[in-house]
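Asks: Kindly produce the complete structure, drawing on both the sequences and the hints.
These are the residues of each chain, in order.
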Amino acid sequence: MTSSILTGAEVLPRLPLARDSRKHLPLLDQYLADQQHLSAVERFAQRHADLVGPAREPYYRDLLPASPPVAGQQYAFEVDLDACTGCKACVTACHSLNGLDEAEAWRSVGLLHGGTVAEPVQQTVTTACHHCLDPACMNGCPVGAYEKDALTGIVKHLDDQCIGCQYCTFTCPYDVPKYSPARGIVRKCDMCSDRLREREAPACVQACPNEAIAITIVDRRQALEDAQGDAFVPGSPSPGITVPTTTYKTRRALPRNLLPANFYAVAPSHAHRPLVVMLVLTQLSVGAFCVDAAGTRFVPATAASSLGSLQAIVAMLTGLAALGASVFHLGRPLYAFRALIGLRTSWMSREILAFGCFAPLAMLYAASFWLPPAVAVPGRDVLRVAVAVVGIAGVVCSVAIYQVTRRTWWNGPATGFKFFMTALLLGLATAGMTLSAGVARSGDLDRAGQDTLASLARSVALMIVVVGSIKVAGELFVLRHLRDTRYTDLKRSALLLTGDLRRFTLLRIALVASGLGLSAAQVHGLPSLAVAVAALLVLLGGELVERTLFFAAMSSPGMPRGHGG
Amino acid sequence: MNTPRFGQALSTWARRLLLDRSGPLTRELARAPGRFGLGQVPERLKPDATTSMICGFCSTGCALDVHVRRGEAVNITPTVDYPVNAGTACPKGWEALAPLRSADRGTTPLLRNAQGRLVPVDWETAIDAFVTRMKDVQARYGPESAAFLGTGQMPSEELALLGALGKFGMGMLHGDGNTRQCMATAVVAYKEAFGFDAPPYTYADFEQSDVLVFVGANPCIAHPIMWARVANSSRRPKVLVVDPRRTETAMAATEHYPLKPKSDLVLLYGVARVLVERGWVDRGFIDAHTRGFDGFADHVAAFPLGRVAAETGLAPDAIQGLAEHIHRGGRVSFWWTMGVNQSHEGVAVAQAIIALALMTGNIGRPGTGANSITGQCNAMGSRLFSNTTNLLGGHDFANGDHRRKVAEVLSIDPERIPSTGSLAYDQIFEAILSGKIRALWVVATNSAHSWINQADAHDILDRLDLLVVQDMYTTTETAQRAHLYLPAAGWGEKDGTFINSERRVGLIKKVARAPGQALADFYIFKLIADRWGCGEMFRAWSSPEAVFELLAEVTRGQPCDMTGIAGYDMIEEKRGVQWPLREGETVATASERRLFEDGRFFHADGRARFCYAEPEHLPEPTDARYPFMLLTGRGSSSQWHTLTRTGKSPLLQRLGASEPYVEISPVDAAALGVAHDGRVVVRSRRGEMRARAFVTHTVQPGQVFVPMHFARTNQLTFAAFDRRSRQPAYKACAVKIEADTEPRGALAR
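Protein chains in written order, with the working numbering: chain E, 1 to 565; chain P, 1 to 749.
Hints in this document: simulated from the structure, not taken from any laboratory. Everything numeric in this text was worked out from a predicted model, so none of it was measured. Wrong hints could be hidden among the right ones.
As the list claims (entries may be wrong) - Below are the BS3-like pairs computed for lysine-lysine, each with C-alpha atoms no more than 25 Å apart in a straight line:
1) E:Lys-188 to P:Lys-46
2) E:Lys-156 to P:Lys-46
3) E:Lys-188 to E:Lys-148
4) P:Lys-260 to E:Lys-249
5) P:Lys-260 to P:Lys-238
Replies: Right, dumping it as structure tokens:
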């Protein structure tokens with residue numbers, strides 16, 4: 001809200017004042033009127049009214065390159081760590097000169113510290129977008145809202161193109177794009193590209209009192225070479241992921257134990273509820289179709305159609321609900337149709353395409369149960385396989401979305417394990433419910449058919465117990481990192497799971513244990529529909545909590561932070 | 001006919017649906033040339049006028065260009081053609097407009113009703129209550145039973161009006177200001193050494209030094225724009241930092257001397273002894289321009305290296321090295337701030353610094369000086385014009401000639417001027433405790449947060465028969481305790497002058513409208529004067545600029561003579577004017593001038609004095625029960641004192657710590673079993689504070705550091721004072737640290 005100062009009238013209506021009571025304060029009205037009159041502006045304004053160019057240009061001239069980059073080069077920030085003393089003027093200048101929101105700024109200042117009692121060291125680090133050679137924000141964007149300028153190398157965000165999926169906030173290792181819930185989009189540093197075009201320094205460069213920030217030209221090949229080693233800034237993510245172009249220079253020998261001030265701070269990340277719902281329900285849906293596809297041959301032919309339709313309807317409706325939930329995640333859902341633009345590089349686009357195909361196929365498959373058998377049956381077998389295959393492709397895309405962020409807590413095998421095991425577990429639980437429903441009203445089946453159904457339901461219940469146990473054990477396996485010597489990302493996640501998020505972890509275990517207990521009760525005797533429904537719901541709840549932890553227990557990477565940004 | 005065009009429009013629309021590069025969200029961030037020498041600015045905030053004014057936070061006195069659009073102040077950039085800051089500012093300056101827009105601004109007077117609630121009243125009622133109740137207290141307990149506390153945050157014109165109204169108009173005897181908390185020590189040290197409270201330097205001395213010695217100062221964080229002048233110096237100076245902590249400035253220094261807390265006096269005497277022993281003194285300067293050197297040399301003889309090394313914890317080589325750096329530097333300047341001023345023996349330390357400059361002849365030349373960096377934006381104005389410790393214009397209440405001179409300039413009866421100075425801040429609090437002072441008028445300061453040993457301070461304020469708080473905000477800890485609250489306009493909503501650390505008089509201007517019925521303190525004082533019945537006495541005080549002219553006249557013949565400053569237009573035109581400027585003297589635009597270039601000081605004999613004292617024991621040393629020394633100081637450059645204003649900017653808040661933390665050495669943390677980022681309780685004999693442990697080597701073992709901005713910090717501090725300056729010693733008291741066993745939750749600020 002940089003726009004205006006509230007006038008008195010806006011803040012509070014004038015108090016009614018009795019006119020006759022003014023006799024003791026004859027000048028009050030005049031003072032109140034004077035107070036609202038901005039005399040100084042009239043008297044002293046207009047200094048430099050005729051000056052067109054920036055008056056500070058002589059001070060920052062040397063902080064800009066003499067000529068623009070040529071092929072194979074690009075602009076980059078260069079930070080002189082020896083000159084940065086943590087005053088944070090760069091942050092406020094970025095805010096004011098770019099007219100950003102209340103607490104918004106595209107630069108921040110972190111703190112490194114270490115050394116020994118005899119030789120303590122602290123080092124402040126100013127940081128903004130690194131205008132990477134291989135920008136993960138751009139690669140991940142499903143709608144093409146990022147551009148890397150061919151000439152300048154500046155990575156620019158197209159605000160009106162953004163749909164607010166926030167995927168770039170996951171893919172950027174440096175925590176650069178920031179989401180604005182009010183606007184429904186992310187925004188980020190563009191190196192003040194319009195200023196640079198006019199040979200004017202970016203806001204932060206102009207504002208640094210110590211001339212610690214400069215714009216330089218880097219060779220792209222050199223940047224790539226620099227990114228081969230792991231050296232960038234202590235405690236920051238490996239430059240190998242995106243090839244950042246910022247240069248941090250110092251004449252000092254920095255001690256090996258130099259760590260960010262926030263290094264040992266672990267705080268839960270955003271839980272992204274719509275994504276939690278979307279992931280778990282799509283996986284339930286895909287799992288239900290897959291279990292259906294794999295298991296349909298064991299179901300007595302007389303029951304196949306009714307059970308198949310029930311399973312299909314449940315799976316389809318869940319799938320549609322999942323897609324509905326995903327829309328709530330978007331800041332600007334009206335523009336969701338742009339989501340396929342990024343297909344070439346974005347797993348998000350691919351996921352949307354896969355589930356976009358999955359949904360109509362699933363509906364078609366479900367509808368087939370209401371078509372005359374002569375038309376439906378031959379197509380149904382093909383459809384059944386198609387739905388399952390496309391669904392699995394969708395889940396593969398989901399896994400890839402998180403895997404490419406290079407966050408260890410979201411690594412491919414672990415994420416794949418979680419997502420596919422959720423699909424399997426909830427798919428089985430749905431099947432268990434369907435079969436129990438079949439058992440409950442198996443009047444039109446013969447004795448053998450009834451026995452087959454009941455025994456199928458028991459087998460499914462057993463499978464649920466086995467799959468669920470493996471899954472929860474697999475999830476808890478991360479706690480072994482509590483014993484890590486180094487403060488690894490997985491140790492942080494484990495600390496969160498047993499610390500700030502302990503209640504969620506316990507709830508997760510309680511729900512899965514209850515779900516498995518209910519399923520275990522179905523392993524013997526006649527399966528009960530009520531118990532099967534309860535098991536499905538409890539297990540679903542458990543998976544939702546697991547997925548909440550999947551987001552919340554992630555320790556966000558980023559540049560070093562201090563006591564404040 | 002129109003079909004192709006329609007088709008084209010349709011296809012453009014369709015293409016934009018798929019790729020939109022220039023919609024409303026993009027336009028929101030569009031930048032445009034701003035004119036006025038600004039370069040590009042946000043298009044929607046493009047100014048149609050700008051005017052520069054002095055920042056209202058610290059004493060650096062940076063000029064800021066306020067961007068005005070359709071009569072509203074919409075943005076700020078640092079002024080480029082101002083000799084102080086050359087187009088740079090720290091975060092507080094950049095964000096100076098944000099605190100004006102806060103929702104907790106006072107918009108109407110508030111009066112505590114019978115139910116104990118502060119309720120809105122009109123100005124008539126408020127001024128009536130002020131006058132009747134203040135007069136009632138004075139009638140019952142004598143005129144001196146009412147006192148005021150002012151601030152270094154108000155322009156000189158308002159400070160002077162408050163001091164003159166309180167003492168000459170209302171008959172008060174006691175008034176002080178929050179400058180007691182920051183500059184009193186420097187004032188006393190300068191007065192005794194130079195004969196007048198006169199920081200001798202100009203900021204050009206930062207870049208003209210070969211060696212800069214910083215004692216108890218962290219300009220990288222507290223005065224970043226001053227530091228910039230060191231950092232950008234083409235002389236590549238040696239920077240020597242004396243500070244217990246490895247601060248940002250210590251990191252940037254050539255040498256850091258991490259002495260034991262409050263051992264600075266011993267260190268400086270030790271260095272002086274080395275200089276004397278080696279003959280590294282400027283005998284010519286000493287003989288021509290000073291007095292008392294021999295006594296000083298005898299005094300420091302008692303500080304041999306062995307003793308100094310033992311008491312400071314520094315190696316003998318380091319101490320000799322410091323002396324040698326001072327000796328070898330052609331131009332050596334000495335700088336100090338709160339680490340010295342807020343000390344139980346601060347005056348002695350400041351005078352030891354002055355002695356080092358005098359004995360080496362490092363004063364009155366470019367890049368030299370014994371230089372106190374002031375705290376608040378108008379601490380220097382407060383020192384001259386608050387009419388508290390000194391009579392207006394740096395005069396002496398006890399001096400009859402001074403009283404007659406001031407009375408004549410102000411056209412008042414000399415009898416109205418008391419012949420004694422005021423009690424100091426802490427003495428006023430003591431007088432409240434003993435029932436001698438019954439009514440207190442607190443203007444633009446937040447004693448209930450900032451005063452040392454806070455629990456006692458709260459108890460004392462709650463004993464008052466009448467507490468009037470005049471402030472921008474209704475929510476300060478002090479305003480919350482008031483019987484009567486008067487809503488004040490703030491910086492940016494009124495006119496006046498500030499004087500910065502290098503004695504530069506600069507303008508502040510009314511560029512924004514105050515909310516509701518808030519009034520400039522100037523107007524509030526005028527209303528009170530009229531209603532009190534002494535309005536006639538202030539007839540000539542018709543506007544801030546009229547007052548400035550009176551004040552300039554008051555300084556005639558004083559070391560701080562400002563009679564040559566013709567008025568606000570001249571200050572604007574010359575880009576601030578440093579005192580002294582006598583009538584008839586001229587000054588170049590954006591000039592820089594230092595004092596004592598002729599070697600003449602302000603004592604009657606023209607000589608500076610060597611002043612010295614025996615080191616005193618720490619008021620509250622550590623012991624087995626409270627084994628840690630608590631250091632306090634600024635947390636970040638985005639935070640100002642009690643956060644009354646900076647806490648109102650979401651951006652500044654983001655840049656400072658969001659929860660209390662305590663810096664503790666890894667050595668101590670390991671011994672106490674405190675984990676990185678673990679929760680601890682800091683306990684002193686007076687109070688406790690829950691905080692996050694920031695385990696870092698930048699504090700020495702046995703010491704902990706807590707930023708002063710958290711309200712609870714002063715629950716811990718020990719109410720010790722420098723005996724001569726009455727300045728509180730915030731920076732050293734004994735505490736213990738315990739792991740916090742309470743469940744983890746949000747920490748109270």
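Asks: Hint by hint, say whether it matches the structure.
Replies: Hints, verified against the model:
1. E:Lys-188 to P:Lys-46: Given pair Lys-188 of chain E, Lys-46 of chain P holds - Cα atoms ~22 Å apart, limit 25 Å.
2. E:Lys-156 to P:Lys-46: 23 Å, holds
3. E:Lys-188 to E:Lys-148: 13 Å, holds
4. P:Lys-260 to E:Lys-249: Cα-Cα ~33 Å, so violated.
5. P:Lys-260 to P:Lys-238: 22 Å, holds
Checked against the numbered hints given earlier, this structure breaks only hint 4.
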